[in-house]
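Since chain A is already given, all that's left is putting chain B on it; use the hints.
What follows is the residue order along each chain.
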Amino acid sequence: MIHLENVQKTFTLHNQGSAEIPVLSGAGFTVNPGECVALSGASGAGKSTLMRMIYGNYLTQGGRIMIGDVDVVTAEPREILNLRRDTLGYVSQFLRVVPRVPTLDVVAEPLLRVGTPRDVAEARARDLLARLNIPERLWSLSPTTFSGGEQQRVNIARGFAHAFPALLLDEPTASLDAMNRAVVMDLIHEAKARGTAIVGIFHDAEARAAVCDREIDVTAFTPGMN
Amino acid sequence: MSTPLLQVRDLHKFYGDRLGCGDVNFDLYPGEVLGIVGESGSGKSTLLNCLAGHLAPERGQVLFDTRDQGLVDTLTMSEPRRRLLARTDWAFVHQHARDGLRMNVSAGGNVGERLMAVGDRHYGNIRAQAIDWLDRVEITADRVDDRPSAFSGGMQQRLQIARNLVTGPRLVFMDEPTGGLDVSVQARLLDLLRGLVREMGLSAIIVTHDLAVVRLLADRLMVMKSGHVVESGLTDQVLDDPQHAYTQLLVSSVLQV
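Note that the protein sequences, when read in sequence, are chains A and B. Just so you know, the first sequence maps onto residues 1 to 226 in the working numbering. Just so you know, the second sequence maps onto residues 1 to 257 in the working numbering.
Excised from the complex, chain A in its bound form:
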């Protein structure tokens, strides 16, 4: 489902003496449906960079990043938007929302965008928010004023609302208490059982061991670090 081949990335900082910083070269791996793969390696090895490249958030200079039959490296912006709507989900570490939109709508939105009827989408959103222990009295409020942990859980609920065939998780269990961490791990297991291919970054070793089938050490793709 997710297939990378000889992926290259260099940052060019034009305003800092045109410094060229090679960050990844020759990155390649495959993630099959129902599989969860952890990216590992020291801080600065390029785990988040690689994940952002898979999502099309960072440009890739060479190689191929196939999500299903779409190559993110060469796809038009419009194709990437469709890919993100239908196929490829991303749970980042930070929630970014339009001010004033109620939490329930924030979580239901990915489903509404793929044409799910509103009542079905809202039922799924309610179920996820309840499972992630967001008090019901907060559902009608915008998450912008919530605590860090609550925002993270709203973000996870939103990320898991639509059953994406491919999913990227950036530290999904960071800053969660034991109870909510267990819920997130259940959600990951359920997604795998549905056949979702998952790439994740987990600093939490216990969670990583529990949900991941394999680890890929990004250091192997980091120029100057191996």
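None of these hints come from the bench; they were simulated from the model. Be careful, since some hints might not be right.
Here are the computed distance ranges between Cβ atoms for each label pair [as the list claims (entries may be wrong)]:
| # | chain 1 | residue 1 | chain 2 | residue 2 | range |
| --- | --- | --- | --- | --- | --- |
| 1 | B | G179 | A | R96 | 44 to 52 Å |
| 2 | B | E58 | A | D127 | 35 to 43 Å |
| 3 | A | P99 | B | R18 | 24 to 32 Å |
| 4 | B | R83 | A | D127 | 26 to 34 Å |
| 5 | A | R100 | B | M200 | 14 to 22 Å |
| 6 | B | D135 | A | A163 | 33 to 41 Å |
| 7 | A | R194 | B | A245 | 43 to 51 Å |
| 8 | B | R59 | A | M66 | 37 to 45 Å |
| 9 | B | T140 | A | G44 | 48 to 56 Å |
| 10 | B | H54 | A | T10 | 37 to 45 Å |
| 11 | B | T140 | A | R194 | 40 to 48 Å |
| 12 | A | R194 | B | M103 | 55 to 63 Å |
| 13 | A | D127 | B | H228 | 46 to 54 Å |
| 14 | B | D142 | A | R118 | 26 to 34 Å |
Glycine included, C-beta positions come from ideal geometry on N, C-alpha and C.
Just chain B now, with coordinates in the frame of chain A:
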């Protein structure tokens, strides 16, 4: 997939010897929101005004997918036909609401006037639709007979949006729609615009210098400098991994809150 709603080819606009904007090429698809950013004088408003038929470019094509004849170059079509298109299919939201409103006509009249311009004649219908639209932009029915001069800046801007969208346009041009409004009013307006664009399946081109606004509203982004498009792509990609020196400078110059 679908045909583009708007195709812009090789567009050039000069002010005497000076370039206003040049070499502009892009496609806009139905339902897409395109942001144009750049500093003052970069040519972004010039471009918007060329696209909307307010300025006549020296060279290039602006092809619009008309309902009856498919793709037609709006730069070479007759003036009456372009004016009709501007009333039925386009909308233009100005930075200063007073440029887009009739200040001595009531709020309801401002909205109703657009309906009459496309042929609606039934007073009851017009008033009911006006009240419905004022409600959608969160202006209460008891203000329908007030003039916009008695409204706050944020309300005037919302009224301008209602006046523009009441006729169900397919393409909306916006020039700094949140400029000059304080941040809480901006947030409300952004939320409103996003909801309307989504619900009505509108395509929009938004010119702004506010990167936070484009991040929330635009699917795609074009960055302009000295009349040229120096970078374009997916909004979050251009903002998070800018490739051109000017875009890198622009993004790194934003103050963190």
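Results for each hint:
About 22 Å separates the C-beta atoms of G179 of chain B and R96 of chain A, a value inconsistent with the hinted range of 44 to 52 Å. The hinted window of 35 to 43 Å between E58 of chain B and D127 of chain A is violated, with their beta carbons roughly 59 Å apart. Here the CB-CB span from P99 of chain A to R18 of chain B is close to 40 Å, at odds with the stated 24 to 32 Å. One distance hint, 26 to 34 Å for the beta-carbon pair R83 of chain B and D127 of chain A, is violated here, with the actual separation near 52 Å.
Between R100 of chain A and M200 of chain B the Cβ separation comes to about 19 Å, which falls inside the hinted range of 14 to 22 Å. Taking the beta carbon of each, D135 of chain B and A163 of chain A are about 36 Å apart, inside 33 to 41 Å as hinted. In this structure the hint that R194 of chain A and A245 of chain B lie 43 to 51 Å apart at CB holds, the actual value being about 45 Å. With their beta carbons about 40 Å apart, R59 of chain B and M66 of chain A fall inside the hinted range of 37 to 45 Å.
Roughly 55 Å separates the CB atoms of T140 of chain B and G44 of chain A, a value that falls within the hinted 48 to 56 Å. A C-beta distance of roughly 42 Å is found between H54 of chain B and T10 of chain A, which places it inside the suggested range of 37 to 45 Å. Checked against the hint of 40 to 48 Å, the pair T140 of chain B and R194 of chain A passes, with Cβ atoms roughly 47 Å apart. Hint check: R194 of chain A to M103 of chain B, Cβ distance near 57 Å, so the stated range 55 to 63 Å holds.
D127 of chain A and H228 of chain B have their C-beta atoms about 50 Å apart, which keeps the hinted 46 to 54 Å range intact. For D142 of chain B and R118 of chain A, the hinted distance range of 26 to 34 Å is satisfied, since their beta carbons lie about 30 Å from each other.
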